[in-house]
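Respectively, the protein sequence lines represent chains Z and R. Reminder that position 93 of the first sequence reads as 93 in the UniProt record's numbering, one-by-one numbering, no gaps. Reminder that position 17 of the second sequence reads as 17 in the UniProt record's numbering, one-by-one numbering, no gaps.
Treat the hints as calculated values from the structure; they're not laboratory data. Please read all numbers here as calculations on a predicted model, not as lab measurements. Among these hints, one or two may not hold up.
Once the Cα atoms are required to be at most 30 angstroms apart in a straight line, the calculated DSS-like pairs of lysine-lysine come out as [unchecked claim]:
1. Z:Lys172 / R:Lys26
2. R:Lys115 / Z:Lys111
3. R:Lys12 / Z:Lys18
4. R:Lys87 / R:Lys128
5. R:Lys128 / Z:Lys111
6. R:Lys18 / Z:Lys92
7. Z:Lys118 / R:Lys26
8. Z:Lys4 / Z:Lys160
9. R:Lys12 / R:Lys115
10. Z:Lys18 / Z:Lys202
11. Z:Lys118 / Z:Lys167
12. R:Lys90 / Z:Lys172
13. Z:Lys172 / Z:Lys94
14. Z:Lys92 / Z:Lys166
15. Z:Lys172 / R:Lys18
16. Z:Lys172 / R:Lys87
17. Z:Lys202 / Z:Lys145
18. R:Lys87 / Z:Lys118
19. Z:Lys172 / Z:Lys145
20. Z:Lys205 / Z:Lys145
21. R:Lys90 / Z:Lys118
22. R:Lys26 / Z:Lys62
23. Z:Lys18 / R:Lys128
24. R:Lys115 / Z:Lys118
25. Z:Lys118 / R:Lys12
26. Z:Lys166 / Z:Lys111
27. Z:Lys18 / Z:Lys145
28. R:Lys90 / Z:Lys62
The residues making up each chain are set out below.
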Amino acid sequence: MTVKDAIKEVGQAVIKDKVFLTDLDQAIGDGDHGINMARGFESVLPKIAALADDNDVAAALKAVGMGLISSVGGAAGPLYGTAFLRAAGACKGKTAIDAATAKAMLDAAIKGIQDRGKAQQGEKTMLDALIPASDAFADGIKAGKNAVECLGDAVQAAEKGVEYTKKISATKGRASYLGERSIGHQDPGATSSTIMLTALYKYLKQER
Amino acid sequence: MVGIVIVSHSSKIAEGVKEVALQMAKNHPVYTAGGTADGGIGTDPVRIQEAIEAANTGDGVVVLADLGSAVMSVGLAKEMIDPALAKSVKLANAPLVEGAIAATVEASMGSPLAKVLQTAHDARNMDKVE
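All chains should be modelled from the sequences, with the hints used to inform the complete structure.
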């Protein structure tokens, strides 16, 4: 189990769903989310592969953040870029991540996305997957679950969050121009967030 | 001289706005960061950072941006530059074309940062219909 492999799995999952994410974004956005995210991770993955094998989680996440910022092009670049940089800030010096640290990283990422995008829960954004995921993670910690089990609960909550985004209209981002017409479509950003959490969970579960 | 940076999803928009702004203020430091590094539609915080650094002559920089990720990318670019410079870099709460032209003319007259920013803001109130 290494941070480099974990990021590789996450990146490959996003790249694999490039067309799916772009189709979602064509329905209610500017139609480039999958293309942008795939370009971002295609730029990031070689940089991650070139890092030292010291399992420095913060260094790896920082490389992901900077890589996405300089290559994505769309709103997801500054948003996910900030999220990964903030998550890196919450795990400085760590080579292993326990449940409490993982929760702190997730929350730092969410705070970064909110600071950058000025969005709240319920506006049909990636936050509608990530905030329920964080809440479920917290419940898991309270119930005495380990980090991977907590992440499993978080993934389920994120999936429900994606379903919820179909029922609400967008008030942030390009989809807000569509207003009520955005109802019925799931949010591409909430979807890509969930794809990343799911890929991380699958990798960690299989490695344990 | 307060420098001006124009940020747009499209390099053509950014270059076009610069072209119109310079009609009234030839040779003013107006720099653009339009589109992505590979020529696509989007914004790139690294290119915005470079434009801000180029536009800076020591009196501050006013940034005009279009929508969505442009605004977020400017925020990120400000975090990436030297903090001393970042303090004198201001994103104008103004429409891109009107704000850029008004700000460039104001800046070309040697006005300080606050005045250039205010002039850009005031471009919001430009009436187009009586």
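Status of each hint after checking the structure:
no.	hint	result
1	Z:Lys172 / R:Lys26	violated (38 angstroms)
2	R:Lys115 / Z:Lys111	violated (33 angstroms)
3	R:Lys12 / Z:Lys18	holds (27 angstroms)
4	R:Lys87 / R:Lys128	violated (34 angstroms)
5	R:Lys128 / Z:Lys111	violated (40 angstroms)
6	R:Lys18 / Z:Lys92	violated (43 angstroms)
7	Z:Lys118 / R:Lys26	violated (37 angstroms)
8	Z:Lys4 / Z:Lys160	holds (28 angstroms)
9	R:Lys12 / R:Lys115	holds (28 angstroms)
10	Z:Lys18 / Z:Lys202	holds (19 angstroms)
11	Z:Lys118 / Z:Lys167	holds (21 angstroms)
12	R:Lys90 / Z:Lys172	holds (23 angstroms)
13	Z:Lys172 / Z:Lys94	violated (35 angstroms)
14	Z:Lys92 / Z:Lys166	violated (37 angstroms)
15	Z:Lys172 / R:Lys18	holds (28 angstroms)
16	Z:Lys172 / R:Lys87	holds (27 angstroms)
17	Z:Lys202 / Z:Lys145	holds (17 angstroms)
18	R:Lys87 / Z:Lys118	holds (21 angstroms)
19	Z:Lys172 / Z:Lys145	violated (35 angstroms)
20	Z:Lys205 / Z:Lys145	holds (14 angstroms)
21	R:Lys90 / Z:Lys118	holds (18 angstroms)
22	R:Lys26 / Z:Lys62	violated (42 angstroms)
23	Z:Lys18 / R:Lys128	violated (43 angstroms)
24	R:Lys115 / Z:Lys118	holds (27 angstroms)
25	Z:Lys118 / R:Lys12	holds (28 angstroms)
26	Z:Lys166 / Z:Lys111	holds (23 angstroms)
27	Z:Lys18 / Z:Lys145	violated (33 angstroms)
28	R:Lys90 / Z:Lys62	holds (26 angstroms)
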